[in-house]
Amino acid sequence: MFNWLTQVANVTLFGLRTIPERKGAAITAAVGIAGVVAVFVGVLSIAEGFRAAMTVKGSDDVAIILRKGADNEMTSILTREDVRVISDAPGVARSNDGPLTSGELFVIINLPKRSTRTDANVPFRGVGAAALAVRGDIKIIEGRKFEPGRSEVIVGTGAARSFEGLDVGNKIRLGQNVWDVVGIFSGGGGAAESELWTDAAILQAAYKRGESFQSVCARLTSPEAFGQFKDSLTSNPQLKVKPLRQREFLAEQSNMLTSFIRTIGFLIAVLMGLGALFGALNTMYSAIAARTREIATLRALGFGASPVVLSVMLESLALALIGGIVGAAAAYFAFDGFKAATINWQTFSQIAFAFTVTPQLLVVAIIWAVCIGLLGGLFPAIRAARLPIAAALRET
Amino acid sequence: MKFLALIRSNLKRKKLRTALTILSILVAFMLYGLLCTVKEALTGGVAMAGADRLIVRHKVSLIMTLPEAYKRRMEQIPGVDAAVHFTWFNGIYQGESKNFFGSFPTEPDAFLDMYPEYVLPADQKKAWKKTRNGAIVGRSLVNRFHWKIGDHIPLVSPIWPRKGDGAWDFEIVGIYDATKKAVDTSAFYFRYDYFDEGRAFAQGTVGWYGVRVKDPNRAAEIATAIDNEFANSAAETKAEPEGAFMQSFAKQIGDIGTILVAILSAVFFTILLVAGNTMAQSVRERTEELGVLKAMGFSSQLVLVLVLVESCLIALVGGLVGLGLAWAIAARGSPVPNMLPLFYLPHRYLTIGFGLVVALGIVAGIVPAIQAMRLQIAVALRRHG
Chain A
1 MFNWLTQVAN VTLFGLRTIP ERKGAAITAA VGIAGVVAVF VGVLSIAEGF RAAMTVKGSD
61 DVAIILRKGA DNEMTSILTR EDVRVISDAP GVARSNDGPL TSGELFVIIN LPKRSTRTDA
121 NVPFRGVGAA ALAVRGDIKI IEGRKFEPGR SEVIVGTGAA RSFEGLDVGN KIRLGQNVWD
181 VVGIFSGGGG AAESELWTDA AILQAAYKRG ESFQSVCARL TSPEAFGQFK DSLTSNPQLK
241 VKPLRQREFL AEQSNMLTSF IRTIGFLIAV LMGLGALFGA LNTMYSAIAA RTREIATLRA
301 LGFGASPVVL SVMLESLALA LIGGIVGAAA AYFAFDGFKA ATINWQTFSQ IAFAFTVTPQ
361 LLVVAIIWAV CIGLLGGLFP AIRAARLPIA AALRET
Chain G
1001 MKFLALIRSN LKRKKLRTAL TILSILVAFM LYGLLCTVKE ALTGGVAMAG ADRLIVRHKV
1061 SLIMTLPEAY KRRMEQIPGV DAAVHFTWFN GIYQGESKNF FGSFPTEPDA FLDMYPEYVL
1121 PADQKKAWKK TRNGAIVGRS LVNRFHWKIG DHIPLVSPIW PRKGDGAWDF EIVGIYDATK
1181 KAVDTSAFYF RYDYFDEGRA FAQGTVGWYG VRVKDPNRAA EIATAIDNEF ANSAAETKAE
1241 PEGAFMQSFA KQIGDIGTIL VAILSAVFFT ILLVAGNTMA QSVRERTEEL GVLKAMGFSS
1301 QLVLVLVLVE SCLIALVGGL VGLGLAWAIA ARGSPVPNML PLFYLPHRYL TIGFGLVVAL
1361 GIVAGIVPAI QAMRLQIAVA LRRHG
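These protein sequence lines are chains A and G, in that order.
Here the first sequence stands for residues 1 to 396, numbered as in this note's numbering.
Here the second sequence stands for residues 1001 to 1385, numbered as in this note's numbering.
Certain hints may be false.
Straight-line Cα separation of at most 27 Å, DSS-like style, residue types lysine-lysine; simulated pairs [claimed, not checked]:
#, chain 1, residue 1, chain 2, residue 2
1, G, 1180, G, 1126
2, G, 1163, A, 208
3, A, 145, A, 208
4, A, 230, G, 1098
5, A, 139, A, 171
6, A, 208, G, 1238
7, G, 1238, A, 171
8, G, 1163, A, 240
9, A, 23, G, 1012
10, A, 242, G, 1098
11, A, 113, G, 1039
12, G, 1014, A, 23
13, A, 113, G, 1238
14, A, 171, A, 145
15, G, 1098, A, 240
16, A, 68, G, 1163
17, G, 1098, A, 68
18, G, 1071, A, 208
19, A, 242, G, 1163
20, G, 1015, A, 23
21, G, 1039, A, 339
These are calculated hints, taken from the structure and not from any lab test.
Same shape as in the complex, but just chain A (with noise of 0.2 Å):
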């Protein structure tokens, strides 16, 4: 056994000490297979970055209630007095102010995209006074809150960075009514960072929803309180509504886009694995024939079949790993945080969110280089073990 492992050991290094001799084409399988990592890393990290922007700060304890059918936001409605007997819910927590819900309305504006001039749908909320505290990661990070019954609003660092003429001061017109920006604030990168949020009353006369809201926000006393909370709301004959955590509601928000996403990365992925897999094979069926005589005067010298196929194998495998891992770095460093903002039309409007390259993304993705790597290598290592010794020693 030990000799064995001598064996492959000397047959490897022996192999990797020749790579510089045949750099091109070595460091052209490298190239190849970094290339894939690299656009698999990329592609799948705009999908989990808009998933996180979605769903990360999704919280257990915070629940999110539509009317019964409705999909998201925009096709739900709910009355004053639904608003009202949702806020008495058993389950819902409440501070000296009374309980920590917030009747919210969602409509949708035009605004210019900074980067490209061109008009976007941009999220405009309308909340209750309790909102910051129902949802917990709200900061204000420049300015100040909007005023309760005043044209205020204030601007998600996603959207002010987006859009035009979001800072601090400006006026934005929006048909007959005019906005003042007075703050901006962060939402620990979650999807109300995409959104401007104004006093829903203000939202309802501008809008002339009447007093109708399409959504509450609750923050419950416990993530347990939630089914409690939701058997008090489904079976009371006054309300039609459809609660969900904010975690589920978001991420329902989010699925067909991520999921579009997901299909594309697969597909190129595997596309290009194909394409690296041909040039892999083809670099170690080259370094194979080039060192012909070499591994037949091994053969010769008592070196068994099973420690020349090893040989070949780990190198293809040395330089898929090289490859990959110049891969996920160069990904790493130029998609890591990158900051885009698409139309999620699941809710018709914009979302910012930056891309995320996760380490289980990276761990993915070498998996993926040494898989190539391994059926690069396979079929010439066969090929290697097979040569017949005395022809192939004749070789020149």
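Position chain G relative to chain A; hints supplied.
Below, chain G without anything else, positioned relative to chain A:
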């Protein structure tokens, strides 16, 4: 021609390598084809926009409604030929949001008149005007759900519940086709009168208007005239040429589209680099042989041509099959019909692809070919490959 045998045996000397190179070029061009298809799908619609048409929508946002009465007021503005309205219905089929397709109430005559790129047989048009709950459905949507004329389609709209139980029933009375491939046929149109009478609230309002102007050159001017007409009213409008509207709509996808295209291009060029390098290497290995050919009296130009033809042949086989595969995949229809309804590979991209194939063959072959041409016989013969 007589040198074809020579080229063939050169290609066959390392069959495996030739095959692998061809395969990786094939993959690269398949990716290229799919990339162009996705790009077209993301920016689709811009190309089909009519130069003589405007879109008029609520100034604040597309989700706000306009009065139906604007139609007559717009048609009185000088330069406006006709106006037709649409409303976003958001019909949900079988209660599944993944079954999404665009569904809009509109006015049959005005609609078919304004959009000549949609073709509906005359008898089906007559049937649509006779059937109050009649709907016409695009060819690609019909194929997606295997519907046929006479089918009853129940839709539920979360925005527009019907008076009573809220559910709507439509009968398919026509299937429309498009005059051009670039025209999307994945929408579902039905009659506004049926819709307006049945909806529970907001009677007399519509989503947006399509407006045809008499002179396309005056489109921008007329758009301003329309906006002025409704300025300072409760529902101000924003009118813009159809092309500009579609473009800004497509741009909303924004960075994602650009990034996908950038990444795919990176993939494409990486694979080409790898394949090109292999092709160049296979010529370099044969320096000695090329020396022999020249010693036998082959001219330098002939050697150059032989090497170039060989690399172009490899590129052509791989590239054309790859483009063909991409075309075949695109022709099978969209894998995500609810997100990218328009899915096809335009001919202009096939032409560009062909150009790239030839360019690859020449670029990969030219350096070794020139080296081969300049090769001094004595040096080449002394070299051991």
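Results of checking the hints against the structure:
no.: 1; hint: G:1180 to G:1126; verdict: holds, 24 Å
no.: 2; hint: G:1163 to A:208; verdict: holds, 22 Å
no.: 3; hint: A:145 to A:208; verdict: holds, 24 Å
no.: 4; hint: A:230 to G:1098; verdict: holds, 26 Å
no.: 5; hint: A:139 to A:171; verdict: holds, 22 Å
no.: 6; hint: A:208 to G:1238; verdict: holds, 20 Å
no.: 7; hint: G:1238 to A:171; verdict: holds, 20 Å
no.: 8; hint: G:1163 to A:240; verdict: holds, 17 Å
no.: 9; hint: A:23 to G:1012; verdict: holds, 25 Å
no.: 10; hint: A:242 to G:1098; verdict: holds, 20 Å
no.: 11; hint: A:113 to G:1039; verdict: holds, 21 Å
no.: 12; hint: G:1014 to A:23; verdict: holds, 20 Å
no.: 13; hint: A:113 to G:1238; verdict: holds, 17 Å
no.: 14; hint: A:171 to A:145; verdict: holds, 15 Å
no.: 15; hint: G:1098 to A:240; verdict: holds, 24 Å
no.: 16; hint: A:68 to G:1163; verdict: holds, 17 Å
no.: 17; hint: G:1098 to A:68; verdict: holds, 18 Å
no.: 18; hint: G:1071 to A:208; verdict: holds, 23 Å
no.: 19; hint: A:242 to G:1163; verdict: holds, 22 Å
no.: 20; hint: G:1015 to A:23; verdict: holds, 23 Å
no.: 21; hint: G:1039 to A:339; verdict: holds, 21 Å
Checked against the numbered hints above, the structure violates none of them.
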